[in-house]
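Student: Once you've looked at the hints, dock chain B against the given chain A.
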Amino acid sequence: MINSKYFFKGFSCIKRMDSPAIALGCCFIAIGALLKNLGFSIQESIFSTLLTYALPGSLVMAESLLVGASLVNIFLAVWLVNARLYPMTVSLMPLLMHESQPRWKYYLSCHFIAVSAWLIMKSNYQTVEKENRIDFWIGIGTATWSFAIIGTIIGFIASDYLNKDMMIGLAIVNPVYFMCMMIGAMKTIQIGVSVILGAILGPAFYFISPEWCILYGGFAAGTVAYFVGENNGN
Amino acid sequence: MATNIVLVILTTSIATYLSRFLGVVSSEKIKETSKIFRWFNCLAYSTLAALISRVVIFPSGALSETDYLLRFLVIILSILIFYFSKRNLVYPTVLSAIILTFLNGYYG
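Residue numbers (our numbering), protein chains in the order written: chain A, 3 to 236; chain B, 42 to 149.
This is chain A alone, in the form it adopts within the complex (with noise of 0.2 Å):
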């Protein structure tokens, strides 16, 4: 059914030296703390990253809720900060299917983007022939998903020792990983344009509507680096 050999190949890139570990691991604990904190049992929170594992969502939703936000609000709320969700499948998902897998994984394995697993997968997915991909990138998917649970779990524990200036550490850990990631991407004009234009329309776009303005600001980032590197091949 999935193909052990590739599973494994994808599930251990978390001893590698790009491995998402440790920013994973801190922006869970952090996850965890704030959770335990809002007054949430260790089963709700472990219940929370395992069925969204996505982290601004789960940030959204514990601020909805300090404020007394009703569902359809924390619905939308947390719709609109996910929503970066829907460019990022649909630009991995096509370089993973294959006529002779089955839909329901790649059904399923979606469960598995966000931001670590999905910067793995594109700096990795030319090392593995394309119908055996998907379950390269199950892989990925259950050893961040796996340790953004531990997270969790270490944070909600640990959250009556950690104090102020320790949560603010683990919250520059998350970013810092990211932003190197994303440099390390940088190896086209469209994503080197895609990614400078991004980080500084979003922040722009924030004085027009702070809502929206990561959809926004990516949106007009995107777009403007697509033309520039069609017009300079690629």
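Incorrect hints may appear among the rest.
Quick list of in silico lysine-lysine cross-link-like pairs, BS3-like style, CA-CA up to 27 Å [what the hints assert, rightly or not]:
(1) B:K76 to A:K107
(2) A:K107 to A:K132
(3) B:K127 to A:K17
(4) A:K38 to B:K72
(5) A:K166 to A:K11
(6) A:K124 to A:K11
(7) A:K107 to A:K124
(8) B:K127 to A:K107
(9) B:K127 to A:K11
(10) A:K107 to A:K166
(11) B:K76 to A:K17
(12) A:K7 to B:K76
(13) A:K189 to A:K17
(14) B:K70 to A:K17
(15) A:K17 to A:K124
(16) A:K38 to B:K127
(17) A:K124 to B:K70
(18) A:K107 to A:K11
(19) A:K166 to A:K7
(20) A:K132 to B:K72
(21) A:K124 to A:K38
(22) A:K38 to A:K166
(23) A:K132 to A:K7
(24) A:K124 to B:K72
(25) A:K189 to B:K72
(26) A:K11 to B:K76
(27) A:K166 to A:K124
(28) A:K132 to A:K17
(29) A:K38 to B:K76
(30) A:K7 to A:K107
(31) A:K124 to B:K76
(32) A:K7 to A:K17
(33) A:K189 to A:K11
Between beta-carbon pairs, the in silico distance windows are [as the list claims (entries may be wrong)]:
(34) B:S75 to A:Y163: 45 to 53 Å
(35) A:I156 to B:L51: 19 to 27 Å
(36) B:Y109 to A:V74: 28 to 36 Å
Reference excerpt, derived from the structure (chain A facing chain B, CB under 8 Å, subset only) [stated by the list, open to error]:
(37) G27
(38) M63
(39) L73
(40) I76
It should be emphasised that the hints constitute simulated quantities derived from the structure, not laboratory data. We treat Cβ as the ideally placed atom computed from N, Cα and C, and that holds for glycine.
Tutor: Chain B in isolation, oriented as in the chain A frame:
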């Protein structure tokens, strides 16, 4: 906090899975060599970059309690460490947490 936590978790996860699910549905018709694929590739990277720089410049939660100059300094130092360590990801991530905790305790 009257809302049921389990319902909140389910709502959050459905709202998150929705974008992933629709992404797979759309992917069925998109070839990896097509122009639309390349466009979506740009959109994915630019949206991520927008998200990350927003988190650094307009943070919520613990990071919002630090001075923005400190955050900038840590990000620039981390990128330099990333280059000088031949693109090793462990050094910049671990050092960024230590540097920010130290600087914030000192100047914050």
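Student: Are the Cα positions of K124 (chain A) and K11 (chain A) separated by 27 Å at most?
Tutor: With a Cα-Cα distance of about 15 Å, the restraint between K124 (chain A) and K11 (chain A) holds, given a limit of 27 Å.
Student: Sort out whether K132 (chain A) lies within 27 Å of K107 (chain A), counting only the CA atoms.
Tutor: 14 Å, holds
Student: Would the hint linking K124 (chain A) and K76 (chain B) be met if the CA-CA limit is 27 Å?
Tutor: 18 Å, holds
Student: Take a quick look at whether K107 (chain A) and K166 (chain A) sit within 27 Å of each other, Cα to Cα.
Tutor: Not satisfied, since the Cα-Cα distance of roughly 42 Å exceeds 27 Å.
Student: Go through the hint on M63 (chain A) and say holds or violated, using the shortest Cβ distance to chain B against 8 Å.
Tutor: With a closest approach of 4 Å, the M63 (chain A) hint holds.
Student: Given the hint that K17 (chain A) pairs with K124 (chain A), does the C-alpha gap stay at or below 27 Å?
Tutor: 17 Å, holds
Student: Check whether the Cα positions of K38 (chain A) and K127 (chain B) lie no farther apart than 27 Å.
Tutor: 38 Å, violated
Student: Sort out whether K17 (chain A) lies within 27 Å of K127 (chain B), counting only the CA atoms.
Tutor: 18 Å, holds
Student: Within 27 Å, alpha carbon to alpha carbon, are K166 (chain A) and K124 (chain A)?
Tutor: Violated. K166 (chain A) to K124 (chain A) sits at ~35 Å, over the 27 Å cutoff.
Student: Between K76 (chain B) and K107 (chain A), does the CA-CA distance stay at or below 27 Å?
Tutor: Holds, at about 26 Å.
Student: Note whether the CB distance of Y109 (chain B) and V74 (chain A) lies within 28 to 36 Å or breaks it.
Tutor: Since Y109 (chain B) and V74 (chain A) have Cβ atoms about 34 Å apart, the given range 28 to 36 Å holds.
Student: Taking the least C-beta to C-beta distance, is G27 (chain A) closer than 8 Å to chain B?
Tutor: 10 Å, violated
When held up to the earlier numbered hints, the structure conflicts with 4, 5, 8, 10, 11, 12, 14, 16, 19, 21, 26, 27, 29, 37 and fits the remainder.
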